[in-house]
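If you read the protein sequences in the order shown, they are chains A and B. Numbering-wise, the first sequence is residues 1 to 177 according to our numbering. Numbering-wise, the second sequence is residues 1001 to 1177 according to our numbering.
Keep in mind that the hints were calculated from the coordinates and are not lab data. If you're wondering where the values come from, they're calculated on a predicted model, not measured in any experiment. Check each hint, because a few of them may be wrong.
What the hints assert, rightly or not - Listed next, the in silico DSBU-like pairs over lysine-lysine satisfying Cα-Cα at most 30 Å (straight line):
no., chain 1, residue 1, chain 2, residue 2
1, B, Lys1080, A, Lys49
2, A, Lys25, A, Lys80
3, B, Lys1049, A, Lys80
Stated by the list, open to error - Calculated from the model, a selection of chain B residues having no Cβ within reach of chain A, i.e. all distances over 12 Å:
no., residue
4, Pro1036
5, Arg1093
6, Glu1127
Think of the CB as a built atom: it goes at the ideal place given N, C-alpha and C, for glycine as much as any other residue.
2 protein chains.
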Amino acid sequence: MLQVRLRGLALDQSNSPVVILEVEKTNKGFGIWIGPFEAEALALAVSGKDFPRPLTYDLFLNTVSQLGGTFEKAVIGQVKDNIYYATLHLQDRNGQLHVIDARPSDCLVLAVKNGFPIFVEDAVFAESSIDLSNLQTDTLQHGQEEENEGFKKFVENLDIEELKKHFRGKDENNESS
Amino acid sequence: MLQVRLRGLALDQSNSPVVILEVEKTNKGFGIWIGPFEAEALALAVSGKDFPRPLTYDLFLNTVSQLGGTFEKAVIGQVKDNIYYATLHLQDRNGQLHVIDARPSDCLVLAVKNGFPIFVEDAVFAESSIDLSNLQTDTLQHGQEEENEGFKKFVENLDIEELKKHFRGKDENNESS
Chain A
1 MLQVRLRGLA LDQSNSPVVI LEVEKTNKGF GIWIGPFEAE ALALAVSGKD FPRPLTYDLF
61 LNTVSQLGGT FEKAVIGQVK DNIYYATLHL QDRNGQLHVI DARPSDCLVL AVKNGFPIFV
121 EDAVFAESSI DLSNLQTDTL QHGQEEENEG FKKFVENLDI EELKKHFRGK DENNESS
Chain B
1001 MLQVRLRGLA LDQSNSPVVI LEVEKTNKGF GIWIGPFEAE ALALAVSGKD FPRPLTYDLF
1061 LNTVSQLGGT FEKAVIGQVK DNIYYATLHL QDRNGQLHVI DARPSDCLVL AVKNGFPIFV
1121 EDAVFAESSI DLSNLQTDTL QHGQEEENEG FKKFVENLDI EELKKHFRGK DENNESS
């Protein structure tokens, strides 16, 4: 199992959002197509911007905290028909572990906000990984995003085709988040 | 405290989504402007449609359930500068009550999906309520929405002006959800 970090957010040629995940201490990673709402939420989480009212993921985290739950990690454990499957691992207040089926996009937003790590199973990495050395994505670090830029700050020259060649004709209606 | 139900979803003249809530067994209610993402999530929840992967609110509910939490109710307790404030009330597995600050839009989506009731404080109702007798909104009941129509099934002749007169120049950037 390999730890990944959020390398960037981009739009492909058909304006579908793609999250670029990079395996720590390598130049290898992979892209996951996510929905526009999830992309917006991720961009807001990355921006570190505070809002006067709790957004959905804030309410989610507050509720888990009130119930004594603690997030441990998320694991991207499978990829099938271009859809990535993840699990959210959390402990209840008795220390019991709970593993919950989740979309990677939700895991990423929660991870950015809460600070827990994200891992990818070796088999998924082996199947999906590409060389990110020449990727011109800006690294998005929590709090470094310019205010109000959010998801508009896209990468112009991301070689989406390199990512896409790992997907046989991504179906727009078959969201991979 | 009065119980409310979701009477309908509509768009105002500037295409901002409005949720119409009605006090049970009356023709009185009020409108809350919500964000487009939350409106979409609410429409999906009302449609009762199942998705192959858990959406954000499904993950939220699954996580609370795994931690032994039980939703009791949501309460719209305050309105200030056109912004409605709500609280989410849930019990942990030891029966202890937790009250969490939330936006009405999140409470509504969770309530529709989970089946818990929504209440409004008398003072909020007194300040915001209007007569809904002539409102041409279709009642949206869980599961009754035509498949794939979702939020596109808007009400054409909703008298938004009647709702708006309760708000002094709603600020588009000052979301009331």
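Here is how each hint holds up against the structure:
{"no.": "1", "hint": "B/Lys1080 x A/Lys49", "in the structure": "23 Å, holds"}
{"no.": "2", "hint": "A/Lys25 x A/Lys80", "in the structure": "26 Å, holds"}
{"no.": "3", "hint": "B/Lys1049 x A/Lys80", "in the structure": "23 Å, holds"}
{"no.": "4", "hint": "Pro1036", "in the structure": "9 Å, violated"}
{"no.": "5", "hint": "Arg1093", "in the structure": "8 Å, violated"}
{"no.": "6", "hint": "Glu1127", "in the structure": "19 Å, holds"}
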